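Asker: Spelled out from the first residue to the last, the chains are:
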Amino acid sequence: MSEEIINDVVIRLAGNSQDGIQTIGGFLARLAGRSAQDVITYMTIPSTISGGPSIFQVHMGSGEVLSAGDTADFLVAFYQHSYEEHIDSLKEKGVLIYDTDNVEPDLQDKRFIYVGVSITGLTIEAVGGTGKSKGKNIFVLGLLTRVFNLKVAKLRNLIQERFSNKGEDVLRNALLAFDAGYSYPADNVLNRYYQFEISQKDDGHPQVTMDGNQALTLGLITAGVRYGAGYPITPWSTIMEMLRSELPKYGGTFVQAEDELAAVSLALGMAYAGHLSVTGSSGPGLSLKMEALGWAVMAELPLIVINIQRGGPSTGLPTNVEQSDLMQAIYGSHGDTPRIVLAPQNVEDCYYIALEAAHYARKYSTPVFILSDQALATRIEAYDKPELAEHFVDPKIDFTPKTADFLPYTIDKPTQRHAAPGTIMQGGKYPVVTGLEHDEAGHPTANPQLHMKMVAKRRDKIKRLATELPKPDIYGDKEGDILLIGWGSTWGPLREAVIDSRKNGDKIGHLHLRHLNPMPNGLERVFSRYRQIFVIEMNDEGLYGFGQLATLLRARYANPSIRSITKTDGLTYKIREILNGIQSLRSDAVSTFSSYPNS
Amino acid sequence: MTKSNTNTIAPSKALTRGDLRADHPTWCPGCGDFAVLASYYKTLEKLQLPHENIVTLAGIGCSSRFPYFVNTHGGHFIHGRAVPFASGVSLSRDDLHVFVFGGDGDGFSIGGNHLEHGARKNINLTYVIMDNFVYGLTKKQTSPTSPIGFKSKTDPFGAVDRPINPMKKLVYSGATFVARTHATQVKHMGEMYERAIAHKGFSVIEILSECVEFYPGAFDDSTPRKGGEFRIIEEKTNDGTPEDEKRHDVTDEAAAYKLASLEWPGLFGVFYEKDRPSKNELESNIVQRAREKNNGLSDLEILEKTFSLLA
Numbered sequence: 001m002s003e004e005i006i007n008d009v010v011i012r013l014a015g016n017s018q019d020g021i022q023t024i025g026g027f028l029a030r031l032a033g034r035s036a037q038d039v040i041t042y043m044t045i046p047s048t049i050s051g052g053p054s055i056f057q058v059h060m061g062s063g064e065v066l067s068a069g070d071t072a073d074f075l076v077a078f079y080q081h082s083y084e085e086h087i088d089s090l091k092e093k094g095v096l097i098y099d100t101d102n103v104e105p106d107l108q109d110k111r112f113i114y115v116g117v118s119i120t121g122l123t124i125e126a127v128g129g130t131g132k133s134k135g136k137n138i139f140v141l142g143l144l145t146r147v148f149n150l151k152v153a154k155l156r157n158l159i160q161e162r163f164s165n166k167g168e169d170v171l172r173n174a175l176l177a178f179d180a181g182y183s184y185p186a187d188n189v190l191n192r193y194y195q196f197e198i199s200q201k202d203d204g205h206p207q208v209t210m211d212g213n214q215a216l217t218l219g220l221i222t223a224g225v226r227y228g229a230g231y232p233i234t235p236w237s238t239i240m241e242m243l244r245s246e247l248p249k250y251g252g253t254f255v256q257a258e259d260e261l262a263a264v265s266l267a268l269g270m271a272y273a274g275h276l277s278v279t280g281s282s283g284p285g286l287s288l289k290m291e292a293l294g295w296a297v298m299a300e301l302p303l304i305v306i307n308i309q310r311g312g313p314s315t316g317l318p319t320n321v322e323q324s325d326l327m328q329a330i331y332g333s334h335g336d337t338p339r340i341v342l343a344p345q346n347v348e349d350c351y352y353i354a355l356e357a358a359h360y361a362r363k364y365s366t367p368v369f370i371l372s373d374q375a376l377a378t379r380i381e382a383y384d385k386p387e388l389a390e391h392f393v394d395p396k397i398d399f400t401p402k403t404a405d406f407l408p409y410t411i412d413k414p415t416q417r418h419a420a421p422g423t424i425m426q427g428g429k430y431p432v433v434t435g436l437e438h439d440e441a442g443h444p445t446a447n448p449q450l451h452m453k454m455v456a457k458r459r460d461k462i463k464r465l466a467t468e469l470p471k472p473d474i475y476g477d478k479e480g481d482i483l484l485i486g487w488g489s490t491w492g493p494l495r496e497a498v499i500d501s502r503k504n505g506d507k508i509g510h511l512h513l514r515h516l517n518p519m520p521n522g523l524e525r526v527f528s529r530y531r532q533i534f535v536i537e538m539n540d541e542g543l544y545g546f547g548q549l550a551t552l553l554r555a556r557y558a559n560p561s562i563r564s565i566t567k568t569d570g571l572t573y574k575i576r577e578i579l580n581g582i583q584s585l586r587s588d589a590v591s592t593f594s595s596y597p598n599s
Numbered sequence: 600m601t602k603s604n605t606n607t608i609a610p611s612k613a614l615t616r617g618d619l620r621a622d623h624p625t626w627c628p629g630c631g632d633f634a635v636l637a638s639y640y641k642t643l644e645k646l647q648l649p650h651e652n653i654v655t656l657a658g659i660g661c662s663s664r665f666p667y668f669v670n671t672h673g674g675h676f677i678h679g680r681a682v683p684f685a686s687g688v689s690l691s692r693d694d695l696h697v698f699v700f701g702g703d704g705d706g707f708s709i710g711g712n713h714l715e716h717g718a719r720k721n722i723n724l725t726y727v728i729m730d731n732f733v734y735g736l737t738k739k740q741t742s743p744t745s746p747i748g749f750k751s752k753t754d755p756f757g758a759v760d761r762p763i764n765p766m767k768k769l770v771y772s773g774a775t776f777v778a779r780t781h782a783t784q785v786k787h788m789g790e791m792y793e794r795a796i797a798h799k800g801f802s803v804i805e806i807l808s809e810c811v812e813f814y815p816g817a818f819d820d821s822t823p824r825k826g827g828e829f830r831i832i833e834e835k836t837n838d839g840t841p842e843d844e845k846r847h848d849v850t851d852e853a854a855a856y857k858l859a860s861l862e863w864p865g866l867f868g869v870f871y872e873k874d875r876p877s878k879n880e881l882e883s884n885i886v887q888r889a890r891e892k893n894n895g896l897s898d899l900e901i902l903e904k905t906f907s908l909l910a
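The listed protein sequences derive, respectively, from chains A and B.
Each residue of the first sequence is one higher than the last, beginning at 1 in the working numbering.
Each residue of the second sequence is one higher than the last, beginning at 600 in the working numbering.
Just so you know, these hints were derived from the structure itself, not from any lab.
Quick caveat: nothing in here was measured; it's all calculated off a predicted structure.
Each hint can be trusted.
Cut-off 30 angstroms, straight-line C-alpha distance, at most; resulting in silico cross-link-like pairs (DSBU-like, lysine-lysine):
#, chain 1, residue 1, chain 2, residue 2
1, B, 904, A, 151
2, B, 904, A, 396
3, B, 904, A, 166
4, B, 739, B, 752
5, A, 385, A, 151
6, B, 612, B, 645
7, A, 429, B, 786
8, B, 612, B, 641
9, A, 154, A, 134
10, A, 413, A, 461
11, A, 396, B, 799
12, A, 396, B, 878
13, A, 154, B, 892
14, B, 873, B, 767
15, B, 641, A, 429
16, B, 857, B, 845
17, A, 385, B, 904
18, B, 835, B, 873
19, A, 567, A, 471
20, B, 767, B, 845
21, B, 904, A, 154
22, B, 825, B, 857
23, B, 892, A, 166
24, B, 750, B, 738
25, A, 429, B, 612
26, A, 429, B, 799
27, B, 845, B, 786
28, B, 612, A, 396
29, B, 645, A, 429
30, B, 892, A, 396
31, A, 385, B, 892
Using the sequences and the hints, build the whole thing.
Answerer: Okay, structure coming up:
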């Protein structure tokens, strides 16, 4: 039987959420990470309480993997509905592995290769015939291990790590199911096995494999965040769950509050007490926090605010992805409340953006937003293990007594630190931290001159950050016809779209903004080197035809060549969708205002 | 919790009332809150708490202006959220003495749910609610404690909504120290302050504090110099006498509830007091257990260990 050398593969597992397909997807991702391979996963979870159709897609490869893949090379269908729903996501000549006990595929459809296996029956047989089909997922893992010649010993280790604390029976059954899948004579139905080529990535640097929420959480801990509060909401909850169990190890605590208002208030109490604290949420939760976040800007206290964006508005699409909270993050509170907004571009960046957020929050004593999203939160990637010792912050409150001339709200020193309670005030005057407009000492005042000065001060310190941001990095052509601009989780698909376009001879570059408020300086020079600028976002084009970032960029640069590609289907961008968007915009470069009515 | 969170620099001199005075209060002349403020100064002077470790916090309302009139580390937060804010301070800084001041609107209306959860969790802090039965800062609207029939700008025909009973609310929510006093009864108010501060856990004092501008005479029924009667709860002394049988057992929740059901103006004093571990203690225990489990490892080593599980 022949063995085909492959560089990468996309496997889509389609079943119901209780079948444990996330578990085997996770195993495959972790295995890839341990094998110095690159991996990105993609999953859908039904928002129903238990059960419902669900998929887990794994894109693993020996080269750089940038997206979860538009289409699958392999589809594993556990049920008839899985087959019917997902067969069109399979590439032509792709392989359908289906459970003959539950699926009857249309074998006349000659686009695909069919591999029928009695997944349910063989699993029951393998684990002792109790009639329960628990373990089907592990059977399939065994089968895939054989087909792709994966490392058996490493996978058995992963299974042991996962199941050893669930009892001997569970572990034994899992291993039995795995072995049954692995020894299944797949060559009866499949005419070849596969072998990944040697990974180019194997530079000896150990990799870690995790999802975006885990990376964010670990970034916060590395950055010295020890306190926080939150309220459960999908897809933010896994961050608060992990902080709740991790922070006590470092002497801190995470509080589950009675609601979102209390959560942000608790976190601000911790900030007032002298800590860098964190709160976060998704969708409606952020709307509820906005008043208190305005107070944080006014009172000038540091805070990290995480928004795992999901489909909105209102309860919206709780388990889908969208980037429609950018304006809210920047402008969401009443009054002029300028604040720092950052967005990570992939799972690895979730870790590093948390470090950055902590640095800025401390330095400027102000809230910092991290805009992640559902897709980043739940997808798994492997990345180089960070140099922890280099980044690790051991937080200490500064109790240095304050001299008599201390003022909590100096106008000329915009980065003045808050004097945490416990600090002795040598002049005998203790400060009040306040949400009323105040003078430099913190006394309430409605003096018009002072209000203007204080508003300007709070704005200028955020502007000052722009001067220390790294110069934006352009991928692809540094000048040319088209510049693609994105933010957040669209980074991978945009990069792939640029790679594809350049193969077709396009002069095209990609700019990804990690700093959204303030934006880095000097973008106008970048823009001037391209004929057209397309901003790609997962939000609505709005009343005037531009997505949220596009609107901001147009407002700042008044550059009519900045235009918008948006979508609101609640799913991550496919490469094809981006390429189509570019095609349709580039051909009508002149009619800039075509989408504006009556123009 | 960890050592680094605690200021260990020793205070230099005795704390006096003068040290504690700050801006002159902006309250209307004759407002009951002046007495509540004076009593706070006096109590702090008596207890000699380290000046820099006293924290005076509030939400929004007339009485919530308190922090500006007290020279301690202060925080003026947003409407209704003073309790969770103060909880964040308390839970992350066991070395501080956390005081929250506010009114009936802040505490029982917009912040009503937070009051219940602060009580349930038994956060270690002292909360003083100046109850005047009216919204004063916004100039006479109905409050959650306004009696039925009270005429205000939002109830020109008289209030129709049943007022909440603060004592009942606090007792059922799980507050571990619940007391009621009166701004004109300086001695009693001082005692309540001291007992509330001595209590470990969520201690609340409701102080009837007259709004002379928008609800004058509201508390005459319990003001002796206005012809009313200030009746104090007699607490059990466990002296074995037959009279003691009739006295109030402050640890008896049902009895507290019964006392809270008495007709207006009711009784004053401690309705309920119980020892129950505070969330501060319980969280400390969790930290201690987690630390023991990772015995000897530095924080960085603990983080390395977590990463190794994700390799």
